[in-house]
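The residues making up each chain are set out below.
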Amino acid sequence: MTIGWILLSLMIALCALGVVLARSPISSAISLLIGFVGVAILYLALKAEFVAAVQILVYAGGILVLYLFGIMLTDNEALRLTRQTHLQAWPVFVLILVLFLAVGHKLYHSDYTPQQPDSLLMVTDQSQVQALQDRLAQEAAAARHATNPQRVARVLYGDYLYPFEAASVLLLVAVLGAVFLAKKEV
Amino acid sequence: MSTAAFVILGFLLFCLGLFGVLARRNFIVVLLSIELIFAGAGINFIAFSSLWKNLTGQVFTIFLIGVAAGEAAIGLGLLIALYRLKHTANVDEARELKG
Chain A
1193 MTIGWILLSL
1203 MIALCALGVV
1213 LARSPISSAI
1223 SLLIGFVGVA
1233 ILYLALKAEF
1243 VAAVQILVYA
1253 GGILVLYLFG
1263 IMLTDNEALR
1273 LTRQTHLQAW
1283 PVFVLILVLF
1293 LAVGHKLYHS
1303 DYTPQQPDSL
1313 LMVTDQSQVQ
1323 ALQDRLAQEA
1333 AAARHATNPQ
1343 RVARVLYGDY
1353 LYPFEAASVL
1363 LLVAVLGAVF
1373 LAKKEV
Chain D
5 MSTAAFVILG
15 FLLFCLGLFG
25 VLARRNFIVV
35 LLSIELIFAG
45 AGINFIAFSS
55 LWKNLTGQVF
65 TIFLIGVAAG
75 EAAIGLGLLI
85 ALYRLKHTAN
95 VDEARELKG
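Protein sequence lines correspond, in order, to chains A and D. Residues in the first sequence are numbered consecutively from 1193, following this note's numbering. Residues in the second sequence are numbered consecutively from 5, following this note's numbering.
Some hints could be false.
Residues from chain A shown here face chain D by an in silico Cβ test under 7 Å; the list is partial [to be verified]:
{"id": "1", "residue": "R1215"}
{"id": "2", "residue": "L1225"}
{"id": "3", "residue": "I1226"}
{"id": "4", "residue": "V1229"}
{"id": "5", "residue": "A1240"}
{"id": "6", "residue": "P1283"}
{"id": "7", "residue": "V1286"}
{"id": "8", "residue": "V1290"}
{"id": "9", "residue": "A1345"}
{"id": "10", "residue": "L1348"}
{"id": "11", "residue": "G1350"}
{"id": "12", "residue": "Y1352"}
{"id": "13", "residue": "L1368"}
Pairs of lysine-lysine, DSS-like flavour, derived with a Cα cap of 25 Å [what the hints assert, rightly or not]:
{"id": "14", "chain 1": "D", "residue 1": "K90", "chain 2": "A", "residue 2": "K1375"}
{"id": "15", "chain 1": "D", "residue 1": "K102", "chain 2": "D", "residue 2": "K90"}
{"id": "16", "chain 1": "D", "residue 1": "K57", "chain 2": "A", "residue 2": "K1239"}
{"id": "17", "chain 1": "D", "residue 1": "K90", "chain 2": "A", "residue 2": "K1376"}
Ranges of calculated distance between the beta carbons of each label pair, as one might list FRET restraints [to be verified]:
{"id": "18", "chain 1": "D", "residue 1": "E75", "chain 2": "A", "residue 2": "A1205", "range": "17 to 27 Å"}
{"id": "19", "chain 1": "A", "residue 1": "Q1307", "chain 2": "D", "residue 2": "L89", "range": "26 to 36 Å"}
{"id": "20", "chain 1": "D", "residue 1": "K102", "chain 2": "A", "residue 2": "A1338", "range": "17 to 27 Å"}
{"id": "21", "chain 1": "D", "residue 1": "E75", "chain 2": "A", "residue 2": "A1323", "range": "42 to 52 Å"}
{"id": "22", "chain 1": "A", "residue 1": "H1278", "chain 2": "D", "residue 2": "H91", "range": "19 to 29 Å"}
{"id": "23", "chain 1": "A", "residue 1": "L1265", "chain 2": "D", "residue 2": "A8", "range": "41 to 51 Å"}
{"id": "24", "chain 1": "D", "residue 1": "L89", "chain 2": "A", "residue 2": "R1346", "range": "43 to 53 Å"}
{"id": "25", "chain 1": "A", "residue 1": "L1324", "chain 2": "D", "residue 2": "L89", "range": "54 to 64 Å"}
{"id": "26", "chain 1": "A", "residue 1": "K1376", "chain 2": "D", "residue 2": "R99", "range": "42 to 52 Å"}
{"id": "27", "chain 1": "A", "residue 1": "L1364", "chain 2": "D", "residue 2": "S6", "range": "37 to 47 Å"}
Everything labelled a hint here was simulated from the structure, so no lab data went into it. Ideal Cβ placement from N, Cα and C applies to all residues, glycine included.
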């Protein structure tokens, strides 16, 4: 089990390294595709089945194909023969290495144990605590038989209905903006 | 695997994406690096969702994927506009604002 986690993390990290270091943008895109499959497997292993499916469908099926179209439309010989990095690549590398080591050290020594939900701490009246615990127990019992997409849908279309609608507006604006930017006379 | 390992993996993806954005010349690779940063954030969301047994993290990952799709559309629109203006995807060529 642990070996599997290590191999998966190594695969994701190597694919990410490949995205940044590969000379040709096609290699970067294919490396990103494999990395996203790895991330989807990670989601599956963490029992987020619906998000894993969305990750494969949207990233591997949609976004990566868009990027491949972009590479196809803008490929030219001059860019392939020139240096692939800016002059500031080495200073940037050193700065990011320092950032990674400093913050990574902090993250490694942090405490991640979950605390009590705020809703239980806020109420002081004992009957309210009892009612809240009953409600939570009922929800847990109802959720025990539901599949992961059913449970995600209950949160997505219940608590987060308005953000969901706002996301659809965001996508509409993004499509209009992309069409406006890419049309002939701007 | 402990939550710390997931958080560090997500942070590693963020750092690699940041390096790609700051150091690479090809605009498409810059966009792909931004996708790496999104993936790092997604791993964090899912790891804490699994730790706290709370589905909100998974819902936010779905929002994150939606935002990434919008970003890809806008980024490719910019790429096409840059290519029409300069006939290259090299971001060093776009230096009109440099003064």
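If you test the structure against every hint from before, which numbers come out violated?
Violated hints (numbers, rising): 1, 2, 3, 4, 6, 7, 8, 9, 11, 13, 19, 20 and 26; every other hint is consistent with the structure.
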